Structure formats: structure tokens, C-alpha cells
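As a plain string of letters, each chain reads:
Protein chains: 2
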Amino acid sequence: MKINANYLNLKDGYLFATVAKKTKEYKAAHPEKEVIRLSIGDVTLPLAPAVISAMHGAVDDLSKKETFKGYGPDFGYESLVNAILGSYARKGVSLAFNEVFVSDGAKSDCGNILDIFDQDNVVMVPDPVYPVYVDTNVMAGRKIVYADATAENGFLPMPDQNVNADLIYLCSPNNPTGAAYSKDQLRAWVDYALERDAVILYDAAYEFFVTDPSLARSIYQVEGAEKCAIELCSFSKTAGFTGVRCGYTIVPNALVRQGTPLNKLWARRQSTKFNGVSYITQTGAAAVFTEEGERQIGESLAYYRKNAQTIANCLDELGIWYTGGKNSPYLWLRCPNGMGSWEFFDYLLENANVVGTPGSGFGKNGEGFFRLTSFGSAESTEEACRRIVALLKKG
Amino acid sequence: MKINANYLNLKDGYLFATVAKKTKEYKAAHPEKEVIRLSIGDVTLPLAPAVISAMHGAVDDLSKKETFKGYGPDFGYESLVNAILGSYARKGVSLAFNEVFVSDGAKSDCGNILDIFDQDNVVMVPDPVYPVYVDTNVMAGRKIVYADATAENGFLPMPDQNVNADLIYLCSPNNPTGAAYSKDQLRAWVDYALERDAVILYDAAYEFFVTDPSLARSIYQVEGAEKCAIELCSFSKTAGFTGVRCGYTIVPNALVRQGTPLNKLWARRQSTKFNGVSYITQTGAAAVFTEEGERQIGESLAYYRKNAQTIANCLDELGIWYTGGKNSPYLWLRCPNGMGSWEFFDYLLENANVVGTPGSGFGKNGEGFFRLTSFGSAESTEEACRRIVALLKKG
Chain A
588 MKINANYLNL KDGYLFATVA KKTKEYKAAH PEKEVIRLSI GDVTLPLAPA VISAMHGAVD
648 DLSKKETFKG YGPDFGYESL VNAILGSYAR KGVSLAFNEV FVSDGAKSDC GNILDIFDQD
708 NVVMVPDPVY PVYVDTNVMA GRKIVYADAT AENGFLPMPD QNVNADLIYL CSPNNPTGAA
768 YSKDQLRAWV DYALERDAVI LYDAAYEFFV TDPSLARSIY QVEGAEKCAI ELCSFSKTAG
828 FTGVRCGYTI VPNALVRQGT PLNKLWARRQ STKFNGVSYI TQTGAAAVFT EEGERQIGES
888 LAYYRKNAQT IANCLDELGI WYTGGKNSPY LWLRCPNGMG SWEFFDYLLE NANVVGTPGS
948 GFGKNGEGFF RLTSFGSAES TEEACRRIVA LLKKG
Chain B
588 MKINANYLNL KDGYLFATVA KKTKEYKAAH PEKEVIRLSI GDVTLPLAPA VISAMHGAVD
648 DLSKKETFKG YGPDFGYESL VNAILGSYAR KGVSLAFNEV FVSDGAKSDC GNILDIFDQD
708 NVVMVPDPVY PVYVDTNVMA GRKIVYADAT AENGFLPMPD QNVNADLIYL CSPNNPTGAA
768 YSKDQLRAWV DYALERDAVI LYDAAYEFFV TDPSLARSIY QVEGAEKCAI ELCSFSKTAG
828 FTGVRCGYTI VPNALVRQGT PLNKLWARRQ STKFNGVSYI TQTGAAAVFT EEGERQIGES
888 LAYYRKNAQT IANCLDELGI WYTGGKNSPY LWLRCPNGMG SWEFFDYLLE NANVVGTPGS
948 GFGKNGEGFF RLTSFGSAES TEEACRRIVA LLKKG
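From first to last, the protein sequence lines stand for chains A and B. Adding 587 to a residue's 1-based position in the first sequence gives its number in this note's numbering. Adding 587 to a residue's 1-based position in the second sequence gives its number in this note's numbering.
Keep in mind that the hints were calculated from the coordinates and are not lab data. Quick caveat: nothing in here was measured; it's all calculated off a predicted structure. Built from N, CA and C at the ideal position, the CB exists for glycine as well. Take these hints with a grain of salt, some might be off.
Claimed, not checked - As a list, the in silico BS3-like pairs of lysine-lysine whose alpha-carbon atoms are at most 25 Å apart:
(1) K814(A) <-> K589(B)
(2) K652(B) <-> K611(A)
(3) K678(A) <-> K913(A)
(4) K656(B) <-> K730(A)
(5) K598(A) <-> K614(A)
(6) K614(A) <-> K589(B)
(7) K860(B) <-> K598(A)
(8) K851(B) <-> K589(A)
(9) K860(A) <-> K730(B)
(10) K608(A) <-> K893(B)
(11) K981(B) <-> K951(A)
(12) K851(B) <-> K730(A)
(13) K851(A) <-> K851(B)
(14) K589(B) <-> K652(A)
(15) K589(A) <-> K860(B)
(16) K614(A) <-> K860(B)
(17) K893(B) <-> K860(A)
(18) K652(B) <-> K893(A)
(19) K730(A) <-> K589(B)
(20) K598(B) <-> K656(A)
(21) K851(A) <-> K814(A)
As the list claims (entries may be wrong) - Derived list of chain A stretches under chain B, where covered just means 3 residues or more per stretch with a C-beta under 8 Å from a C-beta of chain B:
(22) 615-625
(23) 630-636
(24) 771-778
(25) 824-833
(26) 937-946
Throw the hints in and build the complete structure from the sequences for me.
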């Protein structure tokens, strides 16, 4: 019996563990200090009242024989799929009912979607990047090539005609850099993929943070993308569902490779290895896209955006270069005074009692950069910024 | 770009679709007839009051900033993992905290667990069997050998020393046959696996239906199983969670292959390609194993068991050979008068207006057999049995 030896090639996922360990050690040594975490990638605001009310109703449905729900439809309840279709329509994207697959989250889909592709495909991944793209492909033993995201290209790598790839990961607005592609930039990627018969895996988990109309909220806002792109999306950051677990993946009917519609392959994968999402979760998710729900989640998004603006103002005041923060919950800054990522981490923790995330943990191009997030409370975000300004102004 | 061509080798999953189509056509042609479905593999009773109350509490937690929960622990909340450990302890099985992995269901785990094994393993699957075991391995391009389950071995195949396998699926109580292994029989499988360094994937989704103390409720009731078996379990049939989605998989620390603990591989798979189960679901699941919860789910299980007994009495009266029904929600019967599976399906539908599931849909050895389930209402189960007796007694 043989194990999947590719797993032995995985690097240890030490980034967040090390951040947590260093923070804990500092707090233990300085119990009197109030440490503020601007490293958090999780939401902190409660679910919208419309979602809560829908979920209570769904729990009640499960309490009575007449309204009890057992196995649901494989790819999502009609009400939720229609709500998702409506949300896309408001972005100017028209999708068919069978192109939407409801799941327990974009992270699961991001890994599981690889099942439908042969191992012998070359994968292109931006650097720096969300570590799951790399790890899931290492597990499958695929060759990985990197697209360099740097300060020079605003952390938005563009296609290089000299590099070939079969599967291309794009994430916009990006985790960790907060940089977001314009529709024109995405068009270049769509053209590149179409020329090569490649497939783009487009992670749009943060699309609800986009307010600039020139930026893409869906890759299907670019013509031709339906022939080369799968889009992964999530309620996690949009509606605070990180602990509730719901996402959706779009596989267009027009996306055909080797004569086979990928929609049919994904449908088969999901109906065989997945059994749908909790009725309670789906009922809550459908409420997100009601008028009341959208207004309420709009308030939460505005709260996080204001935090991002607070941090952006602080960096502007200090003259520190950064991406993100405007159409993204993340800010990605160049460490001041030529410091390395971990060096700045320690400096900030020790001198301002603020925790961020070292950019080097997301890939080699992240060295010398640093991620701050807007998911904390307004009060602690403002206090953290006051401390950072005070520290670096005198520095 | 290449698709996973193994998918093209999958057979169409036509069994339940054909059952549904034929039933629909019959009802359309005979709108005056009351058709009873004893084909249903889904539960019909509502969730236990203790579960409902816990879930309402969890929804309330998510409505307030102070009690809101974002990302949970990768492998399950401590309260739920401890509740599962307690449930195992009551079966005489002692497990470590890190050996339990909470998931969104046994079906997902059943497919996803294959990620940690090399493609080049021979898989042994009983015939007839739950189709997911076969399909998930066809998707990975693995060689499959079948262990024949027949009337002669009571649909409980035992190891054949002349056949080698690296991965062995066992499901007890079995879907579709309802047959359940004794601890002694399982010991033979454990010995066989240990001799070959094979791994048993033990599907215990129906273990809560077992009342006979000589039958296994967990493979870990057999000594040595912790060195060769992974156990998959579910709240679906135990507590009516088919639409709520929660299961758990046990990967013992003692299970080591090629020098690598499989527990570590599965932990890496799940933390990379999965993001935990809904807080609401987990809170409800933990309530299943409280004293109140166990009493309440005991009542539901008793209700389904009584239905199974009703069907068993009917088959006994008719002198029809069957397995299951006593420690399982399923009854697997030999079609009377030498009829084939689909022939009997049509005969029963047309003459008794009762729908069952043709055994041939579960594998070649299912031909001539038929599955009835106990998940309907008591009234309709009794009425179906009256009709079956009336039809076959005169026949």
C-alpha cells in the first residue's frame, strides 16, 4: 500500500503559526501591554439580521415533520441559486441556472476543482499568493510556474507570452496584496488563456469590496471568459460566513476542453464526492441577496472599508508605498527603512504592540512587504494607526 | 490543457434516476393510485428537540459581536470532538482527541480520503455496494477488484487469501444489503489487512441501528484495527442530519504506512482543502450526544426500527429470503418467483403501487435482489406491507 508521496513535498505551513507564537510570547513577557492584531484574516462583525432571521426560520423548518428537509439538491437549493444568479445579473453577468454550484466554501472548491484536471498540466500561480493554490497542486504532483507580482507591476502580474501554462490562478482583489485587476487587465489574461486553451481559476472571494467601476467584480465581465474561466466565490467575507461555510463556483457551459464540457465533469465530481450544503446555511445565504440583506451587509462592508481607509491614511501620512485598501480589505505595504518582513514584524510588535503578517510568508516576492487587514474593530484599528504613526514618524 | 480522462470511464449513475422516472410515469398514467415509496434512503423524521434548541442558540451566538464565531478549529470544535469521543467510549473504544476529524459528511470524506493514497493501489470493493466507493476510485484511475457478496455468504464477503488489495472498503451495517459483520468476522478482515499492510476504509454510517451486541458498532472494537483501519461515520442516519451535513472520520495515530502516520496526511489534506463545518451544525451535532439528545434520537431510531420489523414480518410471512432489517434500516430480499430486479420493480409498482430499489443497480451480484427501506412513515410502511402480502400470497 502506497501513500501519496507528493504530500512529503509540502512545505510546513508555518506562517500563521509563527505569527501566533511570537505574539503569544510577547504578551506573556509583557502582560501589561495591549496588543492589537491587524493580522486577522477573519471577519469580526456578526451576521446580518436578515440572515439570522432566515436561519432561525430554517431551524424551525427542521423541527417539524411537515417542513423537514433531508438531502437537498446536489448543487444548491433553487432559491439560493436564483439569488446568486440575481447578484450576477446586477454585475451585468448573465449565467444559466446549471452553471452555479453551491458549496461549503471557496477554499474547498479551490482544492477540489483540481480533481477534474489531469495531473500532467502546468499550473501558473502568482507570487506572493494564498498558499492553498500551491499546496493543493503540490499534493497532486503538478509542475508549478510562478508569475512574479512585484512593486513594479503593482503586484498585478500580466501574461508573459514566453511562459506557457494550462491552469492559471488569478485572485482579485488579491489576498494578500489587496491589488485588484481592471477589466482591461483581465482581458489580457482571458486572451492569453484562450490562445493556449488554458483554464483560468479565478478567485473572486473579495469582489464585494470593489467599488471602482473600472475594476472587475467577476471575470465574466470580460467577453470570452466563459470559454476559459472558472470563478470561485464565497459568502465568507461578503457576509461574514467564515464560520457558517458557504461558497459557489461558476463553471460555464461554454467552457469545453478536449471535447468535454467542464461543467459536466464538475457536476459529476460534486455529486459523487459531496452531498450539498446545510439547509440552514443555504437559507441564510439566500437572505444575503435580498434587498434587506444587501443593505445590511453593505453596512458591514462599509465598516471594514472605513478601517481600510484609516490604515491607508496612516500609510499616506508616513509616505509608505502600498497596494490595496481601496477595493480590498487588505493593505500590502513596503516595510519602512528597508526592513525585511520578519524584521518589521518584530519591530512593530515590540515598539507599537501591533501585529501584522510578514509578506515573505506568501512567497519569495513578499520579502520586504507586510500585510495589514481591516477586519478588526474601528477603535482598535484607529489606535493601532496612531501608534504606527507615532513610532515611524520619530524613526 | 488536459482533463482528467478517468472521468470518461465512469458509468452513468442511472439507478435512482430511472427509479424516479418510472415512478413519475406510473403516477402520471394512474393519478388515482396512492404510490408508496419504500425506496427512500433519506430520513423523514424531524431533528430532535435538543438539537433544534442548540441550533437556535448557535444562530443567536452569530447575531451578536460578543459571541460571534468566525473560522472554527480545522477539525471540529472541542465540544463536538469530546462528545464524539464520549460516544466511542460508550462503545468501549478509546480514541485520542487528534484522531477525530469532523467533516460535512461521510460521503465527502469517503471520496476525499483517497487523496492521501497513491493512484497505484489496488482497491477492493464489495459487490453489491454503495456506488460512491467505485466511482471515486474510477475517477482516480485505480484498479478495482470486487469481493462477491452473495446469498451464500449472507452478503458478508470474507477475505480471500488469494486476492490481494491495498485499500479495502467495508460497510457495516451495509448499504444496500443491511447485512452487518460480527466482531469475529471483522477480526478476519483486520488480520487480512495487517498481513498485507493494507488499509481498511470502514463505513459505519449505520452503526446506530445495531442492537445485537455480537455485531460491531466500530471496527476499533476489534484489536489491531487501529493499525489498519480508517472509520467513517455520520450524523445523517443517526440523527436525521441528511440535510444538515455533519460526519466524522477517525484516523488512528497508530496507523502508519511507509513510515508516515496517515493521521498527519489527512490533517494536512483537510486543513488545505477544507475549512471546517458550520458552527450551527456542530453545535447541533454536539447536542445529539447529550443525555437528552441520545434519548430523543433513540426514539427516532426506534420508530425506523419498528418499520424495519414491519417489513421483516411481511417477508417472513411470505417466506421470502432477506438480509438486514434487524440491525439496519435496509432490507435486501430475493425477488420472489425468480424475477429479475427490474422485473420485480415493475411488478410491485404496477400491482401494489409500492416503489423499491432494484438490487442490480448496486452491482452484478445484486441482480435478482431488491432493497426496501424503513425511513418512511409507520402508516405507509404498514399499508405497503399489506399490499405486498396480498399481492404475493395470491401469486
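Against the structure, the hints:
{"no.": "1", "hint": "K814(A) <-> K589(B)", "verdict": "holds (15 Å)"}
{"no.": "2", "hint": "K652(B) <-> K611(A)", "verdict": "holds (23 Å)"}
{"no.": "3", "hint": "K678(A) <-> K913(A)", "verdict": "holds (19 Å)"}
{"no.": "4", "hint": "K656(B) <-> K730(A)", "verdict": "violated (37 Å)"}
{"no.": "5", "hint": "K598(A) <-> K614(A)", "verdict": "violated (28 Å)"}
{"no.": "6", "hint": "K614(A) <-> K589(B)", "verdict": "violated (51 Å)"}
{"no.": "7", "hint": "K860(B) <-> K598(A)", "verdict": "holds (15 Å)"}
{"no.": "8", "hint": "K851(B) <-> K589(A)", "verdict": "holds (15 Å)"}
{"no.": "9", "hint": "K860(A) <-> K730(B)", "verdict": "holds (19 Å)"}
{"no.": "10", "hint": "K608(A) <-> K893(B)", "verdict": "violated (55 Å)"}
{"no.": "11", "hint": "K981(B) <-> K951(A)", "verdict": "violated (79 Å)"}
{"no.": "12", "hint": "K851(B) <-> K730(A)", "verdict": "holds (24 Å)"}
{"no.": "13", "hint": "K851(A) <-> K851(B)", "verdict": "violated (33 Å)"}
{"no.": "14", "hint": "K589(B) <-> K652(A)", "verdict": "violated (47 Å)"}
{"no.": "15", "hint": "K589(A) <-> K860(B)", "verdict": "holds (21 Å)"}
{"no.": "16", "hint": "K614(A) <-> K860(B)", "verdict": "violated (32 Å)"}
{"no.": "17", "hint": "K893(B) <-> K860(A)", "verdict": "violated (32 Å)"}
{"no.": "18", "hint": "K652(B) <-> K893(A)", "verdict": "holds (18 Å)"}
{"no.": "19", "hint": "K730(A) <-> K589(B)", "verdict": "holds (14 Å)"}
{"no.": "20", "hint": "K598(B) <-> K656(A)", "verdict": "violated (29 Å)"}
{"no.": "21", "hint": "K851(A) <-> K814(A)", "verdict": "holds (14 Å)"}
{"no.": "22", "hint": "615-625", "verdict": "violated (count 0)"}
{"no.": "23", "hint": "630-636", "verdict": "holds (count 6)"}
{"no.": "24", "hint": "771-778", "verdict": "violated (count 0)"}
{"no.": "25", "hint": "824-833", "verdict": "holds (count 5)"}
{"no.": "26", "hint": "937-946", "verdict": "violated (count 0)"}
Hint compliance for this structure: hints 4, 5, 6, 10, 11, 13, 14, 16, 17, 20, 22, 24, 26 are not met, and every other hint is.
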